[in-house]
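Student: Just need the whole structure built from these sequences, with the hints factored in.
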Amino acid sequence: MVEIRSPSVRRGWSESARARASEIVGQYPEPRSAVMPLLYLAMAEEGYLTDNGMREVASLVGLTPAQVRAVASFYTMYKRDDPGRYLISCCTSISCMLLGSDEVLRAIEDESDVTAGETDPEELISVEHVECIGACGGAPAVTVNYELIEGMTAESARELVRWLRTARPEAIVGAECQELFGGRRSFDWGPFDRDSALGPYPAFGPLGTVSGPAEDQDG
Amino acid sequence: MTEPVTVTINRRQVNAPAGELLIKTAQDNGVYIPRFCWHPRMNPVGMCRMCLVEIETPRGPLMVTSCTTPVSDGMTVDTANPTVKKAQEGVLEFLLINHPLDCPVCDRAGECPLQDQTMAYGPGESRFVEEKRHFEKPIPISELVMLDRERCILCARCTRFSEEISGDPLIEFQERGNYTEVNTFPDEPFRSYFSGNTVQICPVGALTATPYRFRARPWDLTFVESTCQHCSSGDRINLQSSQNRLLRILGVDSEPTNQGWLSDKCRFGFEYVASPARLTSPLVRDEEGELREVSWGEALDYAGKALGEVISRSGGRAVAGLGGARGTNEDAYAFSKFLRSAVGTNSVDCQMDDGLDPRLLSGVVDRARIADLENAGSILVWGPDLKEEHPTLYLRVRRAAQELGAGLVVVHPRGTGLDDRASVKVTYQPGSGGEVLSELMDGNGRMAEAREVLSKGPVVALLGRPGYGESPDLAEATAAFVRSLPDATILPLARRGNVFGALDMGLSPALLPGRAQRGTLAAQMLADRWGELPAASGRDCRGILEGLESGDIEALVLVGADPVRDVPDGELARRALANAGLVVAIDQFLTDSSRMADVVFPAMGFSEVEGTVTNIEGRVLKVNRLTPGPGQSRPDWAILSDLAARLGADLGLVSAQQISEEVEELADIYRGVNWERLDWEDRDGIVVSGDLGYVPVFSHVASVSPRPGEMALHYARTMYDDGVMMRESPSLRPLAPGSGAHLHPTDAARLGVGEGDSVDVTSSSGSLQAGVVIDPTLEPGVVYVPFNQPDTASLGSVPGVRVSA
Numbered sequence: 001m002v003e004i005r006s007p008s009v010r011r012g013w014s015e016s017a018r019a020r021a022s023e024i025v026g027q028y029p030e031p032r033s034a035v036m037p038l039l040y041l042a043m044a045e046e047g048y049l050t051d052n053g054m055r056e057v058a059s060l061v062g063l064t065p066a067q068v069r070a071v072a073s074f075y076t077m078y079k080r081d082d083p084g085r086y087l088i089s090c091c092t093s094i095s096c097m098l099l100g101s102d103e104v105l106r107a108i109e110d111e112s113d114v115t116a117g118e119t120d121p122e123e124l125i126s127v128e129h130v131e132c133i134g135a136c137g138g139a140p141a142v143t144v145n146y147e148l149i150e151g152m153t154a155e156s157a158r159e160l161v162r163w164l165r166t167a168r169p170e171a172i173v174g175a176e177c178q179e180l181f182g183g184r185r186s187f188d189w190g191p192f193d194r195d196s197a198l199g200p201y202p203a204f205g206p207l208g209t210v211s212g213p214a215e216d217q218d219g
Numbered sequence: 001m002t003e004p005v006t007v008t009i010n011r012r013q014v015n016a017p018a019g020e021l022l023i024k025t026a027q028d029n030g031v032y033i034p035r036f037c038w039h040p041r042m043n044p045v046g047m048c049r050m051c052l053v054e055i056e057t058p059r060g061p062l063m064v065t066s067c068t069t070p071v072s073d074g075m076t077v078d079t080a081n082p083t084v085k086k087a088q089e090g091v092l093e094f095l096l097i098n099h100p101l102d103c104p105v106c107d108r109a110g111e112c113p114l115q116d117q118t119m120a121y122g123p124g125e126s127r128f129v130e131e132k133r134h135f136e137k138p139i140p141i142s143e144l145v146m147l148d149r150e151r152c153i154l155c156a157r158c159t160r161f162s163e164e165i166s167g168d169p170l171i172e173f174q175e176r177g178n179y180t181e182v183n184t185f186p187d188e189p190f191r192s193y194f195s196g197n198t199v200q201i202c203p204v205g206a207l208t209a210t211p212y213r214f215r216a217r218p219w220d221l222t223f224v225e226s227t228c229q230h231c232s233s234g235d236r237i238n239l240q241s242s243q244n245r246l247l248r249i250l251g252v253d254s255e256p257t258n259q260g261w262l263s264d265k266c267r268f269g270f271e272y273v274a275s276p277a278r279l280t281s282p283l284v285r286d287e288e289g290e291l292r293e294v295s296w297g298e299a300l301d302y303a304g305k306a307l308g309e310v311i312s313r314s315g316g317r318a319v320a321g322l323g324g325a326r327g328t329n330e331d332a333y334a335f336s337k338f339l340r341s342a343v344g345t346n347s348v349d350c351q352m353d354d355g356l357d358p359r360l361l362s363g364v365v366d367r368a369r370i371a372d373l374e375n376a377g378s379i380l381v382w383g384p385d386l387k388e389e390h391p392t393l394y395l396r397v398r399r400a401a402q403e404l405g406a407g408l409v410v411v412h413p414r415g416t417g418l419d420d421r422a423s424v425k426v427t428y429q430p431g432s433g434g435e436v437l438s439e440l441m442d443g444n445g446r447m448a449e450a451r452e453v454l455s456k457g458p459v460v461a462l463l464g465r466p467g468y469g470e471s472p473d474l475a476e477a478t479a480a481f482v483r484s485l486p487d488a489t490i491l492p493l494a495r496r497g498n499v500f501g502a503l504d505m506g507l508s509p510a511l512l513p514g515r516a517q518r519g520t521l522a523a524q525m526l527a528d529r530w531g532e533l534p535a536a537s538g539r540d541c542r543g544i545l546e547g548l549e550s551g552d553i554e555a556l557v558l559v560g561a562d563p564v565r566d567v568p569d570g571e572l573a574r575r576a577l578a579n580a581g582l583v584v585a586i587d588q589f590l591t592d593s594s595r596m597a598d599v600v601f602p603a604m605g606f607s608e609v610e611g612t613v614t615n616i617e618g619r620v621l622k623v624n625r626l627t628p629g630p631g632q633s634r635p636d637w638a639i640l641s642d643l644a645a646r647l648g649a650d651l652g653l654v655s656a657q658q659i660s661e662e663v664e665e666l667a668d669i670y671r672g673v674n675w676e677r678l679d680w681e682d683r684d685g686i687v688v689s690g691d692l693g694y695v696p697v698f699s700h701v702a703s704v705s706p707r708p709g710e711m712a713l714h715y716a717r718t719m720y721d722d723g724v725m726m727r728e729s730p731s732l733r734p735l736a737p738g739s740g741a742h743l744h745p746t747d748a749a750r751l752g753v754g755e756g757d758s759v760d761v762t763s764s765s766g767s768l769q770a771g772v773v774i775d776p777t778l779e780p781g782v783v784y785v786p787f788n789q790p791d792t793a794s795l796g797s798v799p800g801v802r803v804s805a
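Listed in order, the protein sequences are those of chains A and B.
Here the numbering used here is used: the first residue of the first sequence is 1, the next is one more, and so on.
Here the numbering used here is used: the first residue of the second sequence is 1, the next is one more, and so on.
It is worth saying that the hints were derived from the structure and are not from the lab.
A virtual CB, placed ideally from N, CA and C, is assigned to each residue, including glycine.
Please note: incorrect hints may appear among the correct ones.
So, partial list: chain B residues that the calculated Cβ filter (under 10 Å) puts toward chain A [as the list claims (entries may be wrong)]: (1) Glu164; (2) Asp168; (3) Tyr179.
Tutor: Encoded structure:
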């Protein structure tokens with residue numbers, strides 16, 4: 001639609017988020033196609049996907065909040081509840097399951113005292129089980145804040161939880177965790193590169209939404 | 001049109017247009033294929049799987065959903081073989097897995113597609129012994145609609161309706177898998193003007209309407225087809241009552257008008273019919289100045305004597321009539337005949353100073369039909385916000401722009417419901433419409449795109465008055481311009497229920513029944529029947545009110561009219577009525593106007609009288625009677641006929657049907673329009689043509705600017721307001737938006753006010769207090785105030801108002 005009228009004023013998100021949002025919207029022929037990357041942006045803006053975030057996305061792409069919530073609630077990776085600082089996702093799909101992911105998940109739940117799908121009272125650790133995360137070659141695999149660790153065992157999972165509790169790292173970097181707790185890898189990950197971390201919003205990578213390493217995201 | 005194809009359905013050959021959906025072809029040829037998600041007015045999705053049939057393919061028989069399969073030549077279909085039967089049983093068994101067995105307490109039971117189709121096609125027994133899924137039992141998703149998610153079978157009819165048809169998708173599937181549910185956003189209710197349609201098309205009892213819940217069982221209902229009178233679109237409806245009480249209205253799929261859909265105002269705005277506030281007995285003002293109940297004879301004597309005195313003292317021209325647009329054509333004809341032959345005045349108006357020239361409204365040359373929207377190359381909408389004032393017409397324009405590829409240009413002072421489908425939207429300051437029109441005519445600069453869109457014919461122009469800040473001449477000037485566009489037709493807009501029928505019956509100073517103008521042959525023929533017609537020209541609504549105020553007019557007859565609430569300048573109407581020597585009101589309620597009358601006669605109304613109405617395109621439709629009128633109420637025509645007798649005149653009216661026959665006889669264009677036809681073969685109505693051939697005159701409409709220190713006023717109607725029918729309908733009354741001052745953010749900042757702050761809005765003829773609503777769809781410098789809201793005063797049709805914090 002061509003609108004013939006004076007420009008109007010908007011309220012809500014930070015200026016930088018808004019600028020990034022219009023950049024993302026501009027990458028698609030139809031604004032509504034941008035709804036999924038924008039939902040990640042909304043998560044980045046407020047830590048998780050709030051009603052306010054969904055409303056903002058709706059107004060940016062010309063959908064109603066109900067339509068945006070329909071998308072957001074379909075996909076489990078859009079977190080509509082505030083997860084803890086560390087989100088441990090344990091794959092329970094077939095390859096991982098055959099190689100012992102049930103024990104890994106049980107160990108994580110037991111050590112952290114958090115049932116899958118929940119967060120501890122300190123809001124430090126959230127545990128969930130997820131479907132295939134594309135690491136079958138290195139099964140069983142988990143991710144912490146979406147950073148991959150392959151070749152887990154029940155014992156290394158317990159160590160991982162204890163480490164998160166005590167060390168409380170600023171940022172989770174997959175390669176580092178893999179060295180500390182991981183086992184067999186699906187392939188050679190190449191040299192350790194701290195800047196390759198994408199943080200909790202993996203879909204930002206190809207879109208260039210994340211410009212720096214994960215620790216910059218919180219600030 | 002493509003070549004028809006031959007399809008074999010259950011070993012019988014039938015013809016169908018190529019590309020038609022198999023489910024429809026089968027239905028049109030007497031083979032019903034069960035379905036839940038498919039609806040003939042919406043795009044197919046193939047979600048419910050109930051319509052599976054088997055077709056022959058080169059690779060053997062194949063099971064397909066008949067709602068998503070277009071017919072092709074030579075197709076062989078089996079809709080009832082054992083394989084299909086097994087599939088149907090399977091689908092129903094799955095659908096019933098989570099469906100609660102609460103039919104005994106479900107409103108839908110008895111008319112439930114799931115119930116009916118389970119009986120007809122179901123397996124008879126379920127093998128499911130596990131726990132069904134549970135949700136909180138009905139939750140309100142709006143003031144009017146309750147949602148029971150346990151009953152939902154996820155057919156997506158409601159969500160598709162709200163996205164495809166009404167364009168306000170406030171409900172959507174939420175969550176996933178076994179947890180999937182239809183729901184709203186947590187804090188954004190399903191506040192759609194069309195929400196009731198989702199209740200009607202829900203194939204189970206998941207969506208129910210609060211005004212009807214638990215009121216009746218379908219098998220207890222008595223029903224009759226009729227026509228809605230809330231707006232002038234002429235929507236076909238099914239009135240349903242139990243124990244003489246109107247309980248529900250459903251939309252009837254009538255191709256030329258509403259195509260099955262209704263606005264919530266039409267669907268739920270019937271509760272006033274049974275309001276305890278309805279007048280049940282005639283009232284006459286006594287010595288103490290109180291309205292007192294009297295007998296019909298006493299009231300008629302009183303009114304007849306008082307009117308007779310005015311006429312013998314000052315002549316018929318000292319009497320005027322207002323109203324008649326809420327009733328039937330028969331009542332309007334009686335009013336017209338009463339004033340012109342028994343009283344002797346041409347001062348009569350069925351419009352409340354709100355519309356366009358009556359000759360333009362009902363007699364414009366190249367008048368469009370609603371169906372022209374289906375073939376339109378482009379559409380120009382420059383008038384009221386259709387979503388607010390002509391809701392089903394809004395759906396038709398929306399469909400044309402969205403599904404049928406018509407270009408759409410919308411010109412309005414603020415955001416409208418059609419903006420998201422418009423190719424070009426022009427927002428402007430009320431009062432400057434003349435300039436916008438000149439720009440559009442030049443077609444340069446920012447209007448080049450609009451002209452480009454409108455160069456694609458046929459052009460259909462829907463023209464009316466966007467708000468009371470705009471000159472009514474603008475629509476006529478625009479109509480004159482539109483005639484230069486390719487294959488242009490014009491649909492002039494006026495919202496009041498039967499205003500077009502009332503104009504056709506001569507409820508306008510310049511028009512006589514049958515769109516005849518005074519001084520013509522038709523008028524002479526009418527005079528032969530009616531007796532000598534009054535010679536002096538009459539006044540329109542504003543003229544009448546001013547005449548009453550100045551004393552030139554002494555007596556006023558109101559028929560279903562409430563000028564105090566309904567004309568833009570309510571204060572003028574109040575002064576006029578207060579100053580009138582005599583006010584006789586025929587009304588269903590004591591309104592702000594009839595409360596000021598000397599005599600009030602209780603009238604029957606919607607669902608209580610039989611007759612005809614004429615819609616916006618000149619289509620005559622039947623309204624029918626289902627419930628009795630309250631108390632001693634009588635139809636308008638009978639009251640007017642008795643009143644004429646007290647004045648010594650015999651109107652010669654004996655029944656509504658006889659009036660209809662008289663109209664047919666006297667009004668050329670109504671020839672052949674009779675109740676028998678409208679009741680049977682022409683239930684979709686008959687278009688009366690033979691228009692005046694009125695050629696709109698282009699005049700330069702001077703721009704009116706607000707005075708220094710004032711803001712331009714956009715003063716327009718909303719769907720729900722404080723009209724007496726809305727006020728007396730408990731379900732709709734709370735939905736009126738209430739007084740508000742909509743401001744552009746820059747104006748709000750300038751005034752130092754925010755959302756919800758109170759401001760004073762003052763015009764030369766009234767003032768009100770209103771809460772600020774920030775509305776970035778306005779132009780800066782414009783304040784939008786909704787017209788006739790509860791507890792607000794009238795601002796008048798003024799170009800500007802002063803807004804102060």
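Student: Would you mind marking each hint as holding or not holding in the structure?
Tutor: To see whether the hints hold, each was checked on the structure:
1. Glu164: With a closest approach of 13 Å, the Glu164 (chain B) hint is violated.
2. Asp168: holds (7 Å)
3. Tyr179: holds (9 Å)
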